[in-house]
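Sequence lines, in order, name chains A and B.
Heads up: the first sequence runs through residues 1 to 145, numbered per the numbering used here.
Heads up: the second sequence runs through residues 146 to 542, numbered per the numbering used here.
For the record, the hints were derived by calculation from the structure and aren't laboratory data.
Hints are not guaranteed to be accurate.
[What the hints assert, rightly or not] Calculated from the model, a selection of chain A residues having no Cβ within reach of chain B, i.e. all distances over 10 Å:
1) M15
2) D18
3) P20
4) D81
5) D112
[Claimed, not checked] In silico lysine to aspartate or glutamate, EDC-like type, Cα no more than 16 Å apart, as pairs:
6) K262(B) x E75(A)
7) K62(A) x D112(A)
8) K37(A) x D275(B)
9) K330(B) x E454(B)
[Unchecked claim] Computed footprint of chain B on chain A; a stretch qualifies when at least three of its residues, placed anywhere within it, have a C-beta under 8 Å from a C-beta of chain B:
10) 29-43
11) 60-67
12) 95-107
13) 114-127
Even glycine gets a Cβ: it sits at the ideal position worked out from N, Cα and C.
In case you want the letters, here they are:
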Amino acid sequence: MAKTRVPAIEGWLTMDEDNPQLLGYLDESSGTYFFPKDVSISHAPGHADAELKEVALSNRGKLWSYTTNHYKPPEPAISKDPFEPYTVAAVELNDERMVVLGQLADGVSADDIEVGMEMQLVLSTLYEDDEHEYMVWKWKPAEAN
Amino acid sequence: MSKNDVAILGAGMHEWGKWGRNFAEYGVAAIKEAMADAGLEWNQVDFVVGGDTVRNGYPGYVAGATFAKAMGWTGIPIASCYAACATGAQAIDIARTRILAGMADCVVVVGADTTPKGFLAPNKGERGFDPDWLRFRLLGATNPTYFGLWAQRRMDLYGATEKDFAHVKVKNSRHGISNPKARFKKLYTEEDVLGSPYVSQPLRLFDICATSDGGAALVITSMDFAKKHGVANPVRISGVSTISPTFPQTVIDMPDFTTDSAAGMPAPDRSFRDSIAYAAYEEAGLGPEDMDLAEVYDLSSALELDWYENIGLCKPGEAEGLLRDGSTEIGGRIPVNPSGGLGCFGEAVPAQAIAQVCELAWQLRGQAGERQVEGAKAGITANQGLFGHGSSVLCTR
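Next comes chain B alone, as it looks inside the complex (with noise of 0.2 Å):
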């Protein structure tokens, strides 16, 4: 046990989906599924943090207050956060350095969304200082435009194929069908993903996740708190990585026009994507030999072979091979997405990577159904959000 451990005695979700209702809904339905999970009660909360929604108005932007106050105002210390996707991991962290400096024993964090149909916009009006509204207005770059800009790359590179990125669709749907949470519970082969049109070539509608709603909720305590309410031995947070960039950053990423410039300083060692996970295993003292599940985003299916790589299952250009002999389904070596990932979910963008934790905390107490990886006992998740977020939360049993 490291000295930054932290306990998960909650995980709740509400069901993904697409209903436009309100996100405190979802939310709230997450925090009192965690809340049951976990056996406690809502007057036992000492602390609260909400990560926050930038596309349902004010309530949103507060999202600590607004779940707060839908529970119940106990008076206690709240906090709201935004990280893009990132979001989660932010919040999550921000749970726990609270717990490990003393100023909180059992934290609630929540993160729920409802998402407009469609592409993902900029905000409203003429935002020409804004880089995420310029980029659609100059250059038509659409999110599965970067998603894209990086899957050709891995075919000119390492020959990922189309049929590749297809099979990455078709495992997750495999994975995600039995998941009561997940919001595209179906079968796809091949061919439905193949025969799907063209998005960003050369990804295709099925490749690219969907936008969803959804929430998701965690109850994280203090070692001492789990071990008082009589949980010798709970799903512990042993790492968590909220890492950013370090310059200059020379691989392309949304919303920007241009990577940094490698012109005057060397790039360093260890991309961006790189160095996310590597920063939780470090801090847990574990390595990606002792994983025994990854939950990563696939925003799009070619991206989940980058997650591969970038989180150390393998060497750069051995994805697609670690794909197709089986290693990254259930039941082989190190099972990515067992949840069905975002190709089953679509993306609720900050339940998202909360969503990646609780897979991770019912995936080690063995309580994952007919999706469950045997004997799973450490975990990691990986994620990144716009403006140079990275997010990366390694779990242990």
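Bound conformation, chain A alone (with noise of 0.2 Å):
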């Protein structure tokens, strides 16, 4: 029987295969985003007392950086046994004009990308356990609409 899918933090994400999106919360007094929901309420200066709306933000953004980890992170970190290297990559989301991180995705290599290419959100395993799978996001060049 196929496992269920969760997210591996929950709230963070929706779970929708072909088209996943990472929940934040907008104040619209400031027309401002936030990821991850840490705090309830908007920090943008003077706004604290802001109403904040669950959204859903934009899965689409442009590559800022990105960066190959060469040696295996420590706990709690979940790593590939045997290790693999893995790149990590920062985007800046297209609407909400923020860089939010995410590991590449699997099949993608850091040659495959360079900075200022538009990339998209993808599901990806975290770890499992005998019922579920955890995902977490992840990045990949963009496919054409």
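Now that you have both chains on their own, put them together as the hints suggest.
Below, the structure is given as structure tokens:
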């Protein structure tokens, strides 16, 4: 039986396989977005009383930078066994004008990307147990719309 | 002389290394050296500020008390503070604020650390509420990950090369080789650096600073106290910056998953890192053109190049030129990291920003030996601590 896919962290992302999105807040009074939802107030100065609306963030943006890690990170990081180098990408979301970190998707290498390139969000398994796959977001070069 | 000046009468450091001894031992050695340097006795000290370490249990959280007790309780008021890598600057600021308020005359500022091997990691346990824990869990985003992102960005934006990064390490190794307090007293070649394995590509093992044990201390006094003590022309602290970012902060920073969003409110004219030294210059009424040397936080060799621009030594994109033409080498126009920097020391978190100021004190007194910057009259330190802590100290003589 197929395992159920659940977010590795509750409330941070949708489980829409084709069009996954990160879940953040919008403070309409300042026009500012927030991710992750760490504290339930707007961090825009002077807007602490603003109402926050939960919104799904745009899942495309431009590559700001990237780096490939060649050493196994310490716990609580989860690494492939045996360890394989992995790339962390920083992508500036088009609409929200915020840079979001994420690992590069499986099957994509740092050789395939360059700063300024259009990227899109995908779901990927971070770890699994007998019943569940725990999903996290990753970045890959964008496919044409 | 500015109205906010205070005097540095003593500077002391325990050598940096990796011994795993009690951190208080390193701090006490630094205090004793700074007191002897100042020609003062412990019972003349009327305030102590300890920079906390979060890796050495409870005594590390109350560093002011730990060091006051170690030196012998004298009933004086104490303070402890923590601001990650910027802890030292905050401790210095607490000391001088107390002095400028007329509530203390002779203050000891001290920080010391004993660090574990390998990558710095978050606190243990399931900590789903802690962004520092989550960035490791969800992204595998170690500290060097952020250094690598900044370095790759420099390459794409300004044409920096891995050879430039190696050059920074080589330069700093030439500076630090004669520094008795440095941990790595070894000359590196570009081949050494470029032959070391990648950690966070494009950065290699020798591009990234190690974590070290070490301790540093300063004796800071009012200008009046210095005069009465017979020091007519002490090294002065003329500006201290402990600023935080202005919203929206648009450069990705440890330990965050995201930057702030700039969709609603415009980004400030100066980035956070650009504004750190600027605040110290502004307080001192001086500018980058008045500086004879700088000590900046080379957590990675590439980051040193960012700092050249952040502290105003050149425009964005010009740092590689400054490095390549020798301007930032001892003997050049504006030597950077004459101490050898973190490349020669490794980082002992709560001691490091204090150690940067120790180097300024020795340089401005002309006591830096083989690494002396000739005729140095003014210098600045710059550094940034996790979670938005600016750190910059400007000294003059």
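Results for each hint:
1. M15: About 15 Å separates M15(A) from the closest Cβ of chain B, which puts it past 10 Å; holds.
2. D18: With a cut-off of 10 Å, D18(A) remains clear of chain B, as the shortest Cβ separation is near 22 Å.
3. P20: At roughly 14 Å from the nearest Cβ of chain B, P20(A) sits farther out than 10 Å, so the non-interface label holds.
4. D81: Per Cβ check, D81(A) is outside 10 Å of chain B; nearest 14 Å; holds.
5. D112: For D112(A), whose nearest Cβ neighbour in chain B is about 14 Å away, the distance exceeds 10 Å, so it holds.
6. K262(B) x E75(A): holds, 14 Å
7. K62(A) x D112(A): holds, 14 Å
8. K37(A) x D275(B): holds, 12 Å
9. K330(B) x E454(B): Judged against 16 Å, a Cα distance of about 28 Å means the pair is violated.
10. 29-43: It holds: at least three residues are needed, and the region 29-43 of chain A offers 9 whose Cβ sits within less than 8 Å of chain B.
11. 60-67: n = 4 at 8 Å, threshold three: holds.
12. 95-107: holds (count 9)
13. 114-127: holds (count 4)
When held up to the earlier numbered hints, the structure conflicts with hint 9 and nothing else.
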